[in-house]
Amino acid sequence: MRHWIGCFVKGIRIFGEARGGWMVVAMASPRLLLLVVAVALFLSSPCHAIYEDQVGVRDWHQQYIGRVKHAVFQTQGAGRKRVVVATEENALASLNLRTGEIYWRHVFGATDSIDALEVSMGKYVITLSKGHIVRAWHLPDGALLWETRIHANLGFNLGLVKMPVDIDDDKINDLLVFSGSFLTAISGADGTLLWQVDAAASKNIFIEKVVLPTEESKAYGVGFYGINGLALVEIDLKTGDLSELKTAETAGILSTDHLHVTKDFAVALHSDAENLVVALINPSSESLTLVETPVRSLLTNPGTTLKLLSTKLEGAISLSSDDQTVILAVDSSSGKLSLVERLTGAVTVSDSLSVLDEKHATAMIEFSVEGNAQNVFNLRVHGTDFSDEIQKETVKLPSHRGLVQKVFLNAYVRTDRSHGFRALVVGEDDSLSLLQQGEVVWTREDGLASIVEATTAELPLERDGVSVAEVEHDLAEWLKGHIMKLKATLFLATPDELAAVQKARLNLADKTKPTRDHNGFRKLLLVLTKSGKISALHTGDGHVVWSLLVPSLRASYGGPAFVPRKLLQWQVPHQHALDENPVVLIIAQADPGYDVKSALSWVDAHKGTELQSVKLSFPVMRVVSIPLTDSSEQRLHLLIDNLRRGHLFPATEESLALFLKYKENAYFYEVDDADQKMHGYGMKDLVDPNLVDIKEGYVFETEKLWSIVFPSETEAITAVVTRRPDEVSHTQTKVLPNRDVLFKYLNKNLVFVATVTPKNKDVVGTANPEDSTLVAYLIDTVSGRILHRISHPNMQGPVHAVVSENWVVYHYFNLRQRRYEMSVLEIYDQSRLPDKGVVQLMLGQHNSSVPISSYSPINLEVKGQSYYFTFTLKSMAVTSTAKGITAKQLLLGTVTDQVLALDKRLFDPRRTPTPTPAELEEGLLPLTDSIPINPQSYLTHSYQVEGLRGMLTIPARLESTSLVFAYGLDLFYTHTAPSKIYDSLTEDFSYALLLITIIALLVAIVVTYVLSERRELAEKWK
Amino acid sequence: MVAMKRVVLVFVLVAAIAVCGVVSFQSDELPEDAEEWGLVGEAPPVIKTKVAEKVEAEAEVEEDYSDGVLSKAGRKGARAASGAKKITFPLEHSLGDGKFEQIGTFTGILRTSGVESGNERQVITKLRLARNVMTTAEKQAFENLVKNDGFYTVRIPANLIKPRRKQVLASVKARCLAAANLKERFDLFMEQGNLIGVGYAPIGDCSYPRPQVFPKDYAFETLIVAKGNEQAPRLGPRFEEVVPLRPGEKLVEGEEGIKVVVEKTFWQKYWIYIVPFGFIVINALSQLANLPEEGQPGQGPAINAPSQRTGGSGGGRNRR
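These protein sequence lines map, in sequence, to chains A and B. Numbering-wise (UniProt numbering), the first sequence opens with residue 1 and increments by one. Numbering-wise (UniProt numbering), the second sequence opens with residue 1 and increments by one.
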């Protein structure tokens, strides 16, 4: 069966190549095609579900949390040792301190950032979001216990303080929240508001920080007093009463960036960074005492960028300047400052950790040696007065983790009853590692939670050096495995054998081989993350093959930091697949304010090394991938700068010669969101390199060819979607049941634009159905011609759309019916209508060798239909297969972070409520007013891809199968076969059963032959 | 006699229409699809740049074939609220040097409706273009464009009623235009008096490689098509309407809502009884048919019996 269908599909391909193009196949063999489609339709059914034991065979799911910004350890008590973390991706998670696994995790909304995190009473996790939502979570299981909304001044310092008092006598200490001028006490048990005061209204102070002195039921709020003073107010924790302000002023203006406050003193820096001001908090004195110290008396060379760091140190402050970090000790009685440490290079200091008896410990991580594969760091833990070194360790971290960005210190009691320290460190690549006893206990690749862009690369071919044969089992073992499978199928296997079968299926040895496979299932997923790290994941099980923190994109002293933007296929070797590796290009944008505006970096996709990098003096606004490659199979790219000049890369003579021939056909377009316009450009002449000061690449001038102006009062661009450039269409026709032919309008330059009424478009629930209209456009980006314009009254965005072949499917909200809707538009070329029948198609004048020009007149027919849809969507994609023969599935990322796969057949504008028998035979589904959702059509089955942002579909070499990679906070990968697997046997096919059947048949033939011989002999003797 | 009268009447009518056309100087329109298609017409060499005042006569002609279904009172009301106004706006072109010059003027009729209901709609109809005659320098520049395979770019203001800074651009290869002998087509996508985009194309195929042909006489032939007012059909509760039932179907209200149930025919319902009954009847009939033969012992069977037996035994032996 496999071979027969395999040959069948292969046969089509060879046939196509022999005739010089895939279009010929469609014309010469429509019947063959019909057969294929019929087989595909026959084999397909609306159900694409998998069985329980198939989970994990083809798919994998990984959970991440993002870059950690707050961490609280919970190691006391008999319970499991854990650390609670809050991240920049707005996730709250409880991690196992021994392994780094997630016990539980909650992902908050995109705007619900976590400002403060505390653990109260050893079992409640308290979070403060955006200064005005306080939530309590049950530490063991992560259940939400209560949520309270309080008043807040946005844009001010926020904080959460565990009070040492119990105001409402419920045996649970209460909490104090300060946000701007508001001080709020809430019950630790149920979040009830106990008291709230507005310090700005009563005492005219905005509180920067609240500290708890040693004496009970009192707190100090410290803030700036005017522009040159500091103020302190005493807070009665029981009642919220504020004492009179204690103020003090200095001569200079204070920098309001940061105010360092401990229970004994507050430190501020003058805005000219010349003086440090220490305010002594003395409860007995009537006013604040200020002590000013010139910075130059402490530091000989304070540098130009001196600033106070927000690290919470006890009895000390830390400052950073240029590339040095300074720690100054503060005498709490006199306010005198003294230099403790002056460190150059990359140093990270942790907050002070309170250990026993008023003692504190602080960790410092210094970068010491840059190794080839590993960086060496010194981890030092200092005691209360920073003079003693309690612990010193040398830790090695892989070089792709970069420098340490954050340290969280935790103490534990060693087996010999002494104090030991462990540190949780956040790397430059956003990873999280636990260091203890000089070792890396575990590491989480949390940078993968913030993928910017993803693409794929082929794995290397099998070479002599990389023997794959040894990985495979020998024949006896292979047969044994199959017999076990057979037993499992016939319900004869014991539970142990069943477990062994399942284990063997999940850990198929050839799934994770680092070489290409026949079916094209094994690939590298290249992902570029926000931190400027590129990682290659194996599609087999999702393990990281290599990682690279791209050196040229790292922020260096005196240079800009780069934000990675794009990941492009630079070189995909076909002819040189054995001796050349695929290369990808990373485009990054520099922070503003520097001469360097952007950077390019080329990375080898097999080795994970940076080959080359260039810093550009212009910002890259758009990248045009040109369908030309030079002799080393490097793809030509045109980078468009802010002046709309094109820069050709690779900047070689050869590529220039190639491009000059192609120049006439190079166009690009830009979307001006601010002005609601679209512009198209064509290439003009090469700029003489002597005349421009730009040295990177060959520069071409462009000319504006077209403009579309959307009326800005009634239309605002909300979605712009194009076809994927590497999409393959197998046929340019659609044969109707009556043997008529419809010609698909296959234009690679088609773009779908959706506009909505700008009024109230972003505010949920405020738009009026009568005023809102959604307009869908289909635009040819070469000629700027609007191919179709259709308005949907009473509709509103957000619009999600996908364009493939000759159709567009888009999703929007119907304000009148208060439901989501999806629409399909299919575009057919009417100008080729004379070649209507199949015979005319074969003999007609039009064939694929005649080029189609965007400037020729067109006559299009656009068919459309709309349907109700149940879900809000986050993203949309479409499956892609190697030859485009297989039917397509729409992949919808739902609001529940799942991936739903729906047949394109459901979105067919030819659907009618009562299809004719001929249409039913063709596979046309009867029209329903809403799209039915089968629970089994979820590709993610029981998983959720938290924070789903994008989906990538990759064609496998096996025509029936498309690979799907969904990413957000989590990663998910699976295979999908929209028309079921018609070109190979299923993985649970029992070869043993086939073999046994054949053997049994052979035996039966021999036996019956012998019997019949005997009978005949006996017959003759009669 | 009657035929004569008819001929005269037709003649008078034609003459009247012709006279009217001359008076209103725009007689060569295609009334049957004037709403959808603008106008095919050659360019008169005159440019009209002045915005004409309200032309009542124009409005009346306009309403006559668009709102034919309106009642007289309704039409009067509509006329009071809405207005028809002649508008003009420039067409500018660029011959590859990036500089734009006015080369013609579009004229059209702006109809405003629904002012009093607050649901104002503006529609521009009857668009036509008056192109200027190209100067020798322009002709030379155009020929250079054809030689270099450059772009001929046209520009129209985005706001057609009050032309402002925003402009809509479109370009075409000059060679395409020359090959089509300057037959051009404008597809104007308009919404409420705003021009969104313009599709500018030659009338004729323009596939690569484009031949280098120069236009003989610089006489443009223009076709203007106004587009863009298509509205998607509303997705209403279409299945609450009467579902066309096929013969034999009926609606049954059950626990899961209304279902279409195909009613069974008599045969489908009762075949299980009819078939056995039929067998019984056939059996009984054959029994009845056999009865007389048994009651009357004939010689035929007796004679035949031995030969049959021999035949049978012979066969049996062969088989063994």
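It is possible that some hints are incorrect.
Computed cross-link-like contacts, DSSO-like style, restricted to lysine-lysine with a CA-CA straight-line distance of at most 27 Å [what the hints assert, rightly or not]:
hint : chain 1 : residue 1 : chain 2 : residue 2
1    : B       : Lys147    : A       : Lys704
2    : B       : Lys99     : A       : Lys704
3    : A       : Lys761    : B       : Lys166
4    : A       : Lys684    : B       : Lys166
5    : A       : Lys704    : B       : Lys183
6    : A       : Lys677    : B       : Lys227
7    : A       : Lys677    : B       : Lys264
8    : B       : Lys85     : A       : Lys863
9    : A       : Lys677    : B       : Lys99
10   : A       : Lys684    : B       : Lys99
No lab work stands behind these hints: they were computed from the structure. Here the structure is a predicted model, which means the values were calculated and not measured.
Hints, one by one, checked against the model:
1. Lys147(B) <-> Lys704(A): Answer holds: Lys147(B) to Lys704(A) is near 20 Å, not above 27 Å.
2. Lys99(B) <-> Lys704(A): Given that 27 Å is the threshold and the Cα spacing comes to 12 Å, the pair holds.
3. Lys761(A) <-> Lys166(B): holds, 24 Å
4. Lys684(A) <-> Lys166(B): holds, 24 Å
5. Lys704(A) <-> Lys183(B): Holds, at about 23 Å.
6. Lys677(A) <-> Lys227(B): holds, 19 Å
7. Lys677(A) <-> Lys264(B): Roughly 62 Å between the alpha carbons, so the hint for Lys677(A) and Lys264(B) is violated.
8. Lys85(B) <-> Lys863(A): violated, 35 Å
9. Lys677(A) <-> Lys99(B): holds, 21 Å
10. Lys684(A) <-> Lys99(B): holds, 16 Å
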